[in-house]
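As they're listed, the protein sequences go chains A and B.
Its first residue numbered 1, the first sequence is counted upward by one per residue in the working numbering.
Its first residue numbered 1, the second sequence is counted upward by one per residue in the working numbering.
To be clear, the hints were calculated from the coordinates, so they are not data collected in a lab.
Glycine is no exception: its CB is placed at the ideal position from the N, C-alpha and C atoms.
Hints may contain errors.
What the hints assert, rightly or not - Examples of chain B residues lying across from chain A (beta carbon under 8 Å, computed):
1) LYS70
2) PRO113
3) ASN120
4) SER122
5) ALA153
6) MET160
To be verified - In silico DSS-like links for lysine-lysine, alpha-carbon gap of 25 Å or less:
7) LYS237(B) to LYS888(A)
8) LYS888(A) to LYS185(B)
9) LYS617(A) to LYS832(A)
10) LYS41(B) to LYS105(A)
11) LYS237(B) to LYS800(A)
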Amino acid sequence: MTNTIQILSIEKTGKESSLQKEHNNKSIKIIDGYFFSRNLDDQKFTKISKLISNDVSQTILTKKNVNKVLSSYCNFNWVVEIKFLPGVTDNIATTVKEIIKDNLKSSFKSFELGSTKIILIKGKKEDITKISKNEANPLIQTIKIYPFKQYLNNFKKNQFKIEKVKLPKKKYSKKEINLDISDYNLSLIGKLGIEENDKSRRGTLGLDLESLKTIRNYFSTIKRKPTDVEIETLAQTWSEHCKHKIFSAKIDDIQEGIFKKYIKGATDKIIQLRKDNFCVSLFTDNAGGIEFNKDWIICHKVETHNTPSALDPFGGAITGIVGVNRDCLGFGKGAKPIANTYAYYLADPNKKYQLYRQKNKNPMLPANFIAKGIISGVRVGGNCSGIPTPQGNVYFDDRFAGKPLVFCGTVGIIPKKIRGKLSHKKKANPGDIILMAGGRVGKDGIHGATFSSEELDPNSPVSAVQIGDPITQKKMSDVIIRELRDENLYSSITDNGAGGLSSSIGEMAKESGGFIVNLEKVPLKYNGLYPWEIWVSESQERMTLAVPPENVKKVINIFNARGVEATIIGKFIKKEKAIVKYNKTEILNLDMEFLHEGYPKLNLKTSFPKIKKEKKKIIKKRSLIDKLHKLLSSPNIVSKEFIATQYDHEVQATSIIKPLQGEGRVFGNATAIKPLFDDEKSIALSQAAYPQYAETNPYDMSGCSIDTAYKNLIVSGANSKKIAILDNFCWCSSDEPDRLYQLKEAAKACYDYAVAYQTPFISGKDSMFNDFKGFDKTGKSVKISIPPTLLISSIGVVDKISHLTKITPDDGDILLVLGNTRNELQDSVYSKIIGYEKSKNPVVNSKDALRTYRIFEKANKLGIINSAIGIDLGGIGIAVTKMAIATKKGLTIDLKLKNKISVDQFLFSESQSRILVSMKKNKLANFKKIFKGSHYTIIGKCTGSDVVEFKDNKKIIRGKISDFAKSYKQNIKGL
Amino acid sequence: MNVLVLSGYGINCENETLHAFEVVGFKGKIVHINDLIQNPKQLNNYQVFAIPGGFSYGDDTGSGNAMAKKILTNLYDHLIEFSLKDKLIIGICNGCQILINLGLVPSLNKKDPEVAMIENKSGSYECRWVDLKVNNNKSPWLKNINILNLPVAHQEGQFMIPINILKSIKANNLIGLQYINNHKKLAKGQFPFNPNGSRDDIAALTNQNGNVLAMMPHPERALYHYNVPNWQNNTSKKFGDGYKIFMNAKKFFA
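Next up, chain A with everything else stripped away, as it sits in the complex (with noise of 0.2 Å):
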């Protein structure tokens, strides 16, 4: 009799490598661990042992080999054991337990049973408890740390425990609230939650004080109290996350708010001026849709999730990516992931912060620790799933320390007509039935949505974090997909995200009038959940369907065959009725207009904020290879190749223009897929976003971004009248005046810089307020903001696959810069790292720039263009010595042609619009013909050799290609 299946890899492991090295201790040896709530009989633990386990390349613990087994590695002294806490998602304990069903039919009892991960040291517990800081993380996991004998001990008298959820066995009656209360108490309930019988509070809701009296005179109105179901489903609903109040808000005297004017603005305006089909659906569903060709449409979608992300960061980042992927599921009737795209904006990994969440206790995370549980959830949500996630970057700055950023994005394809209907058009008829498919509700992720409109203080909730199950959304994705949708059994479909059932049957609902759900039916991962729990819970891996009554018996059949689960819920009305009822109580009946439209809107003014100017350090004398190598192994010039390697970009066999590019792997600006194999068109993708400049002057730091998001396609080839682009806004302290005037300023860019591109916005997403309020080891309380930060992510199409450009210039090419360079260094790569130089920030000059994209799209059409790289951080310098390290043939470059300005200015300098591009010497004069008149600078040429040169008058300064490709390719310090 044993409850525990005890598993460890008879030879070292991977994992068990790099631990031994990152903590200099050649003794650490992991077991896996399954605890079980009930005892096995001998022979169930040898049949369940061997189906999980490995006979050749592992062995399975037992009473009587445990201390033979284990001394023949060493002497352990410590123990490790790491578990789950109770409730959160622990996808290894469900697929253990799906192979005992499947493979041991017969009379098995219900049981749980638990993942666990224990590793064994010898060395001092000092050791241990680092270890266990590295490997696990407090708010999801438990930690206990005991001898070596204590667990013998556990081992022999099944003393291996696994906890479940308990709750209180509670019967449910109908809660009311009442908020005849003053305002004090009233906001109490916004900002702590609503009060339990026990005077403890649920979490915070996130209403300012005029929403709850907004909802106050609701109820006043329809004379009678609220539930606890409506206050938490109108928090949800009104939510800043759900609703963008600050950017539909009036703000000083645009009345429409900035989204209107300046956002859909400019693709309304576009749109007129186009009178094309480019633009097929745009800001109304889960993603923005485009035109691929006549019979396909593409969508795109980018989501932050970086609240999440600060406390539990591989949570975080792995609920970000699958949940994103279901945003493209939800487009339309369901369009297909094929890519994936990130983009982290983090603390320096290898730095320690120390900051507290309150006076000298809840630490925040070490930065290191984030960024590795952030580029993990990322690999094992993007990989798991069997999508490609080819396109991304990454970027450092302190100002991360309290909240990192992560932005997640998907494309997703789909046809234009099923069944002679238009795809992206879905409507909820009155009479559909609400089903619900894919994972169970459990208590992951309540209040996400009202959460993440909130700063990261002290309250910040533990059960806001939820783990993504990429296998069960990858079961129920290819069923819709492949075997629902087209089929057309059923009507409309939508991702199950923020706010959970709340929200999404909320939304599907406008489509019909109203809905009657019963909550009781709503399956659960364990009993107890309150109503209001089910109804706003995040957990992951759903999907809302609303499918007409004669399709749902087969759907489910379908669902079911595949190993998915679906329930019947309720059903859409035709009546403009929010209705909620559990075990037939109503306990919720709301009016669509006061649901969705009821909430106070915002009137907002902003004021001209004081400038901070960047700090003056002096320039070291360095000579110029010097601060080359300098600027290329700094973390934002270093190659992110470690990051590209673990993300699979090759999976579904579209990969054509890969994220390392040339021989020497340069990790590139912008990539691109082929989706479909019978059409030789292909989807370019690239972001841009410059944190960096957004102090100095927001609106040219959005210019940039837009510029250097549309550029990037460009040079890859993409058709400059099929670019779209996304914006994600991510601001801090959105409720100063000084942070909406940057805020303002960089949206009126936003309209400027894409009418005068042509490229409508699709889609976009807003987080408000990335602030951390708390304090430092000293317990000096500290506030640290973000730098705004708009992400803008570009789509594009590439007509010919010829059109597609590389980076690496061949032997005897003559080297251009495409553009002009002037003297704006204020902010750049080199006035941080080499030093200060008085200097202006980049400004896009959007006639200059599209005259220099219109002309180098010309040339590359005609094969004129042999290579081409987008000039960005780090300028010509990077550019230059980033082509030799791709191409890996030598460059010289004259820099006596630098005209008015410094070698360290024309070199490092990072004027937007520019493009360095090679061409064989015989096109020279066939470019210069299109390309008359406009600015460009011969600069040099490839020589083959295995240097890169820079010739000033008589000097020739000469850098090694090899050399510099290592200080590109170094590891980044701390990850």
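Position chain B against the provided structure of chain A, taking the given hints into account.
For chain B alone, coordinates are given in the frame of chain A:
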């Protein structure tokens, strides 16, 4: 010529795998494992059985293990029967891990698995292109091929082979593919040429007949020339190296 491409529970390369077979002239179908369990006799309609790459069951309890156990309980005899006929089986990446866990490869003497797939030595997931040399020309899958340039993408691609088994594998010439370095010599375990630290640079094994191939690299991702890295430097060819493997399957039945 018909190919059955398996799907379900997190397998995710079925579309491109089927496409690769179709390009060389096969007809084929993607079949969910639950449908195959319901009606295993449909295997009679197919000449090739392909288990594509993916993350069946999220690699929990070891890559390929859970799916192998499902097949073992529900389909094993049918698959053995298939493998004993003049038919072909291929497992790519996760498919390779499944075949190894099933013991269908190398299948020297006993029914139980003789080889295991373990985590890459680097401890991390590796998505990169590698050069391979064909070691075993008797397998129909690998006939007349010398060198291949294909991508790998895996966390657990290291073949772990007990010494005595390795001896028999070599004696029977069952090593299908080996990783080589930039000088076309065996990688000798050197990263990144050997991306996972596999013993003897093994990237693929076959069964004794050679009709069952378990390979970690992905031929279906190297089908066209423009899928190959830096293809712009060489646009003369239409296909990538992966094509050769599928073409060999076609030739076997031609």
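So, going through the hints one by one against the coordinates:
Hint on LYS70(B) holds. Least Cβ distance to chain A is approximately 6 Å, under the 8 Å limit. The closest approach between the C-beta of PRO113(B) and any C-beta of chain A is roughly 6 Å, which is under the 8 Å cut-off, so the hint is satisfied. Hint status for ASN120(B): holds, given a least beta-carbon distance of 5 Å to chain A, under 8 Å. Restraint check, SER122(B) versus chain A: the minimum CB separation of about 6 Å is within 8 Å; hint holds.
Restraint check, ALA153(B) versus chain A: the minimum CB separation of about 4 Å is within 8 Å; hint holds. Hint status for MET160(B): holds, given a least beta-carbon distance of 5 Å to chain A, under 8 Å. With a CA separation close to 24 Å, the supplied pair LYS237(B) and LYS888(A) stays within the 25 Å bound. Pair hint LYS888(A) plus LYS185(B) holds up; C-alpha atoms about 22 Å apart against a cutoff of 25 Å.
A hinted pair counts as satisfied when its Cα atoms are at most 25 Å apart, and LYS617(A) with LYS832(A) qualifies at roughly 8 Å. Note on LYS41(B) and LYS105(A): the hinted pairing holds, with a Cα-Cα distance of about 23 Å set against a maximum of 25 Å. Only pairs whose Cα atoms come within 25 Å are accepted, and LYS237(B) paired with LYS800(A) is accepted, the gap being roughly 17 Å.
When the structure is compared with the earlier hints, no violation turns up for any of them.
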